[in-house]
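Protein chains: 2
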Amino acid sequence: MPCLVMKFGGTSVADLARIRNVAQTVKRAHDEGADIAVIVSAMSGVTNQLIDYVSDIAPLADLREYDAVVSSGEQVTSGLLAIALQNLGVPARSWLGWQIPVVTDDAHGSARIQRIDVDELRRRFEEERQVAVLAGFQGLELGRKRITTLGRGGSDTSAVALAAALEAERCDIYTDVDGVYTSDPRIVPRARKLDRITYEEMLEMASQGAKVLQTRSVEMAMKHRVRVQVLSSFEDKPGTLVVDEDEIVEQALVSGVTYSRDEAKITLQSVPDRPGVAAAIFGPLADAAVNVDMIVQNISAENGHTDMTFTVGNADLQRTISVLEKNRDQLAYRELKADPNVVKVSVIGVGMRSHAGVAQRMFQALAEKGINIQVISTSEIKVSVLIAAEYAELALRSLHTAYGLDSA
Amino acid sequence: MPCLVMKFGGTSVADLARIRNVAQTVKRAHDEGADIAVIVSAMSGVTNQLIDYVSDIAPLADLREYDAVVSSGEQVTSGLLAIALQNLGVPARSWLGWQIPVVTDDAHGSARIQRIDVDELRRRFEEERQVAVLAGFQGLELGRKRITTLGRGGSDTSAVALAAALEAERCDIYTDVDGVYTSDPRIVPRARKLDRITYEEMLEMASQGAKVLQTRSVEMAMKHRVRVQVLSSFEDKPGTLVVDEDEIVEQALVSGVTYSRDEAKITLQSVPDRPGVAAAIFGPLADAAVNVDMIVQNISAENGHTDMTFTVGNADLQRTISVLEKNRDQLAYRELKADPNVVKVSVIGVGMRSHAGVAQRMFQALAEKGINIQVISTSEIKVSVLIAAEYAELALRSLHTAYGLDSA
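Going down the list, the protein sequences come from chains P and S. Residues 1 to 408 in my numbering are what the first sequence spells out, letter by letter. Residues 1001 to 1408 in my numbering are what the second sequence spells out, letter by letter.
No lab work stands behind these hints: they were computed from the structure. Using N, Cα and C, we set each Cβ at its ideal position, and we do this for glycine too. There could be a bad hint or two in this list.
Just the calculated beta-carbon pair ranges, DEER-fashion [to be verified]:
hint	chain 1	residue 1	chain 2	residue 2	range
1	S	S1322	P	S110	55 to 61 Å
2	P	R123	S	K1337	56 to 62 Å
3	S	R1261	P	N48	38 to 44 Å
Start from the sequences and build out the full structure, keeping to the hints where you can.
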């Protein structure tokens, strides 16, 4: 029997009517003959409510207790969906992380799945055609038998990990959008839904600001070659398939244009241009758990001094400044400039591996609109630029057109 | 070390402020040196909300899924209370039914506790002075590793069972009333809080309408001789101790006067007065799971026929009538009369074992007020009468005075 994993996010199970609707969707797939495992999130809003409870009761809560509290939302929806399925005549049962078990490490609050024991699920597929409804986002740390959670968006990871363990034909991620777009449709009206996208591109899209899938779930899908489909739980039509590169016949040069406003630029002016200066700057930041993204060191300009520019997440900006000021004597910079009014725009596509001139086309398109590029960084399948935040929409639309992504 | 079990009901953990308040109460007991295990209910309203979800999604839900859903409320409060305790510097951890485990039978929705494994709790009392915070109302059915729940008010039973397993010095049931009263203070203004009451009396009080403790928890306390205290979580003062008879020095004749409006009276007129008639009537009712309470068979009056009167719970009235009508040919009664406008009033006291005239005082007090007694039933420590519902308050107050229970 082909095996299908279906994952439904918080908006898809937001109330009883939607849970009944999900049950109908699952029943259709079951009627077609597949073995079905379903992963559910908590009703939308519930997990946030539980997190608020925990942070209100104590700012630095024991993460093991945090996990016990916040994992309860998925317990409710998994039970309710199992009942809704039974009510439609579909054999089903709910499974909690500890019942399967979904074994994780002990990094409470952001645990990683180590293995999923699927023998019993498989037996029930075969003997009873029973649908397995798993509470997403949660696992079990075997040593102390405590509930763990996988971190934000962890249900996507639960779904992909289960699909890998079951060697499922596909992992369908039902959400409130109908697929992965070439850009954010709220900003770029001519953005198109992609039929297919490679793991590598999806990973870059997720890292560069597209919120449709959790980065870690894409990494896992890529590693285990799980075919993932992102689709709408409210419309009955195909979504976007996230697949291996060789499943995509005609590969566009660029598949998507993303942006991230969660950026802040730091410039240290006139630091001594000698070996070890980068280590001296970024060592203390790493120790303070600041994630540094783009880095540019200017060509040495004046008598052995240079400027160092880099970006950090907005949330880390104050911490970054205080770390750098604390180390000012040692770093010997003349001035520290911080600018949160920046946005990172990226073009992403595996096609650029085999084509030159992709970055050049980006620089030209931005230059034509008079947009100044502050920092550039590239990877094998991505070019990112940092620009002033006020140009974000213009840049996105211009690049979308420049790479021929606009819908007809 | 003395060991104390403390149980907090839904109103005691209704919001974060109250959970913090509970943490303070637990900390005081912990500071005094006792080993502490706490049982918590769900925040008030949460379990009802979850039950509504289940019954909305399917009227006849799989009780295993029902249990998975409705047990989640206690999971939240146990985690939150553990965090609140840690925040006060008290070592604590939460425990779910499956983690202990609290082993139950497989009667999902109203499971019975078979054993509680307390070795690990004891080890943590000794080594870390850690407070154990247990999610009440839930257990684990070992065969299929499914969550079970204990039925309405099951957290009281969880607490008493845990106190028995830990051989605790006392089981304190914190609730929204400050103890057990001689009668309902909303009806009898001169009702008094009892300092002590025997298990037997408490059991009769719970069965006869007093809602302060779940009947099953009292049965369990009596069986294992667990000293139970009912007290308020909002006022810092002693409550009512439920103890063995020999712990009560001066035993009143009557300890309490209770009432239950959840009664309906059925009279079958002119049934054949021959052997087996009672079995013919009550057999089909038992098969239909109707719980028959008081039964009176009149003395045979007219040519081999008699009247049969009995009471059932109001909720069972329609079912009772339809069962009796279905069997009308066989039972051969002339007429079926049903009256839901009745109330059962009971006086309860172990003192009546050794004193005659207790029932007589009741009949006299009611007669003086012109209240007609429709049915009488007695047990070793209880006299119950069925009267017209409109006399309930008058009867309660008169009996309270007649047995010398009024406060000064």
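Hints and how they fare:
1. About 58 Å separates the C-beta atoms of S1322 of chain S and S110 of chain P, a value consistent with the hinted range of 55 to 61 Å.
2. Between R123 of chain P and K1337 of chain S, the C-beta spacing of about 57 Å keeps the proposed range 56 to 62 Å intact.
3. Between R1261 of chain S and N48 of chain P the CB atoms are about 43 Å apart, so this pair conforms to the stated range of 38 to 44 Å.
Checked against the numbered hints above, the structure violates none of them.
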